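K.L.:
The primary structure of each chain is shown beneath.
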Amino acid sequence: MPEATLEPLLKEKLPETVGPVLFRRLGGRYLLTNDWGNHYWLEAEDFSKYIGGTLEEETPLWHDLRTRGFLRNYLSFHELGGRWRQRTHYLQEGPGLHHIAVTRRNRNATPYTMKPQVELEDRKFDMTLAMARRLAKFVFDSPNSEITLELRGGDPMLNWDVSSFLIRHASSFAGSVKRKLQAAIVSPLSELDEEKIAFLAEHGVAVSVPLDGPKDLHDALRSEVEGGGTWEKTVAGIKALKKAGVACEAYFTLTRGALGRVDEIIEAYQSAGLDSIHVRSLWPVGDARARWDEISVSSDDSFAFYKELLDACLALEAKGTPFREKGAAVLLTKILQGTDPGAVENRLVYGGGLGEMAYDFDGDVYPSDEGRGYAEAEGDQLFRIGSADLGFKELISHSTVRALAVASDLGSQPLCSQCVYKPFCGVSPVFNVAAQGSLHGRNSTNDRCATYMGMFDSLFERLRDEKVKPIFERWSKTTELERGEPTPPFLSGGLL
Amino acid sequence: MDCDIDVKQQRVSFEYDDAIEEQAVLSAAYVFARRAEVWTTDDGVELEAKGDSKLDEDGLKALASEFSEELIAQELRRRIATENRSVRDYLITQALLAAANEQGQQPADSQLQNLSGDQEEEIQRLIQEAETELETQGAPPTSGGNNATPGGKGEGGEGQDEPLDPKAILKSWEEKRGA
Numbered sequence: 111m112p113e114a115t116l117e118p119l120l121k122e123k124l125p126e127t128v129g130p131v132l133f134r135r136l137g138g139r140y141l142l143t144n145d146w147g148n149h150y151w152l153e154a155e156d157f158s159k160y161i162g163g164t165l166e167e168e169t170p171l172w173h174d175l176r177t178r179g180f181l182r183n184y185l186s187f188h189e190l191g192g193r194w195r196q197r198t199h200y201l202q203e204g205p206g207l208h209h210i211a212v213t214r215r216n217r218n219a220t221p222y223t224m225k226p227q228v229e230l231e232d233r234k235f236d237m238t239l240a241m242a243r244r245l246a247k248f249v250f251d252s253p254n255s256e257i258t259l260e261l262r263g264g265d266p267m268l269n270w271d272v273s274s275f276l277i278r279h280a281s282s283f284a285g286s287v288k289r290k291l292q293a294a295i296v297s298p299l300s301e302l303d304e305e306k307i308a309f310l311a312e313h314g315v316a317v318s319v320p321l322d323g324p325k326d327l328h329d330a331l332r333s334e335v336e337g338g339g340t341w342e343k344t345v346a347g348i349k350a351l352k353k354a355g356v357a358c359e360a361y362f363t364l365t366r367g368a369l370g371r372v373d374e375i376i377e378a379y380q381s382a383g384l385d386s387i388h389v390r391s392l393w394p395v396g397d398a399r400a401r402w403d404e405i406s407v408s409s410d411d412s413f414a415f416y417k418e419l420l421d422a423c424l425a426l427e428a429k430g431t432p433f434r435e436k437g438a439a440v441l442l443t444k445i446l447q448g449t450d451p452g453a454v455e456n457r458l459v460y461g462g463g464l465g466e467m468a469y470d471f472d473g474d475v476y477p478s479d480e481g482r483g484y485a486e487a488e489g490d491q492l493f494r495i496g497s498a499d500l501g502f503k504e505l506i507s508h509s510t511v512r513a514l515a516v517a518s519d520l521g522s523q524p525l526c527s528q529c530v531y532k533p534f535c536g537v538s539p540v541f542n543v544a545a546q547g548s549l550h551g552r553n554s555t556n557d558r559c560a561t562y563m564g565m566f567d568s569l570f571e572r573l574r575d576e577k578v579k580p581i582f583e584r585w586s587k588t589t590e591l592e593r594g595e596p597t598p599p600f601l602s603g604g605l606l
Numbered sequence: 008m009d010c011d012i013d014v015k016q017q018r019v020s021f022e023y024d025d026a027i028e029e030q031a032v033l034s035a036a037y038v039f040a041r042r043a044e045v046w047t048t049d050d051g052v053e054l055e056a057k058g059d060s061k062l063d064e065d066g067l068k069a070l071a072s073e074f075s076e077e078l079i080a081q082e083l084r085r086r087i088a089t090e091n092r093s094v095r096d097y098l099i100t101q102a103l104l105a106a107a108n109e110q111g112q113q114p115a116d117s118q119l120q121n122l123s124g125d126q127e128e129e130i131q132r133l134i135q136e137a138e139t140e141l142e143t144q145g146a147p148p149t150s151g152g153n154n155a156t157p158g159g160k161g162e163g164g165e166g167q168d169e170p171l172d173p174k175a176i177l178k179s180w181e182e183k184r185g186a
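Protein chains in written order, with this note's numbering: chain D, 111 to 606; chain R, 8 to 186.
Don't read these hints as lab results, they were simulated from the structure.
Predicted, not measured: the structure shown is a model, and the values here were computed from it.
Treat the hints loosely; a few may be bogus.
Covered stretches of chain R, as calculated for chain D (at least 3 residues, CB under 8 Å) [stated by the list, open to error]: (1) 20-30; (2) 48-61.
Some chain D residues flagged as far from chain R (calculated, every beta-carbon gap over 10 Å) [to be verified]: (3) Glu117; (4) Lys121; (5) Arg182; (6) Arg195; (7) Gln202; (8) Met224; (9) Leu230; (10) Ala311; (11) Pro524; (12) Thr555; (13) Leu573.
Glycine residues also receive a C-beta, built at the ideal position from the N, C-alpha and C atoms.
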């Protein structure tokens, strides 16, 4: 039913039974959500009755709306408040996720640095052991009890002395002060050897690897800077890590060459021994900006690709082969479990500075790895908030962190404040700057917003399928975050 | 719906229900920013279609119809938000206060109490070990790059202006736990 049939309702005052509800018409029905993270579907006729205040009371539908907090005169403040706290516990905690870029050197190209900015042997862009020692302790000054240390680069394995030093000494500190630590590395695995595999296994370090699907697609984006492909090494590295019992996953950056190749991409992941894929969108920065017309994907194509990939994952699951899209799992955790999985970019307020911090090789501090990556790719230190010489109090309360929080507050974003997906989504002011030139951005023409709208539409539409729901329930538990555990790595943004 | 269409100019205009307030019109125009420029007129709106492909008369009619639906949806959203603002604000304020109280009253985990003498010694030993390792590995490569680390005030330095921090989120872990 089109909204036009709701027009007569505009003549009447809104009845007091209608609570704080967000809604969207999807596939002929109405999806309702609210700030406490509940959702509910209504047929068009029932939605009209709900908004018109003519719903029959004491029916199962009325009870469903009441228990989910959609009826204003029956709100349970205690229960709904508890649910809101559970979903937004991060507002009380401070940064638990710490990205450290231990080098800018990388043997592999990335979509953002097709040509090396740093010579492979140029160690002046490596973090020093002195800085690493400082940071290994500094991250524990964070007000968050649980710490996640995620090493990025460049390729952290090219500065292995410092990477291993950081992990060993942060682990020692964590043990000494009874704090929980999760260490992680993002690496293309070009430098992986037996010694590193043994170290990663011994210290329980999680690893995330770029894998853009089949060889030709992967090598087109991530060739060796000295020439030649990297796909074989990457896949062999993933297999070796898995064999050694190291938690290893991979992420996929969507570019134009991937369109129409969903089956090949999933096959490449499965042949590497992976049971999940994490789809990331391309950002218009660095070399990707220069090649935007050549490699970017429109939001419509991105949406179509994502739906195809999601359905391919579900088809595998239906045959008994587990294979999930990790981004979907994160959103489903918020939708189905009512908890926050620790994804700092899907928050009520952007997690930069409040949920994560990023440190460059020279000790410069940024609120997020997106902000650090933006500086590296664009040469613009707009988001730099200081150095590790400062204290956490100064860094967290830095005017840039405050500006990011204000700009990303979903309640003050024109579309987000009324969006049905507000309880599960978040905006990135860093992306907004990169793509649209302002912290607030313009969500109505923002590709990130369009991508998330497409993802949420796909997930909610499929959630109505009784065969899919148990699969999504299972996915949602894979990224569930227990209170008191460190933030899971690899859930934040960044130019990877 | 009744509307005036100018295919050549790619424009369509129509009147809308006077129960729809200006804020809803602005919101609907924002939603349509990718597809059309929206102009308010004395008694309605005029849409100018954007995009590479030109719309025919039916296309412009459909655009107007969709915009009309969006206007109604946005007006409903505006009313729902206005009518529920106080109850929503109250509920979230209570939730935040409860969370702050929980945090303040949370008994300190015995494992997270003040560091014992042994733990202090262990930390000192680790620092010593790290420094020894630095010395034995020789002079580290110099930190280059374009961004020299500015002279700082030392770790944990305090700012001149104390920011408002009712929930103590700016306090370090040690300050919170009394370590």
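K.L.:
Confirm or reject each hint.
P.N.:
Okay, the hints, checked on the actual structure:
no., hint, result
1, 20-30, "holds (count 3)"
2, 48-61, "violated (count 0)"
3, Glu117, "violated (6 Å)"
4, Lys121, "violated (6 Å)"
5, Arg182, "violated (6 Å)"
6, Arg195, "violated (5 Å)"
7, Gln202, "violated (5 Å)"
8, Met224, "holds (21 Å)"
9, Leu230, "holds (14 Å)"
10, Ala311, "holds (22 Å)"
11, Pro524, "violated (6 Å)"
12, Thr555, "violated (5 Å)"
13, Leu573, "holds (22 Å)"
Checked against the numbered hints given earlier, this structure breaks hints 2, 3, 4, 5, 6, 7, 11 and 12; the rest are met.
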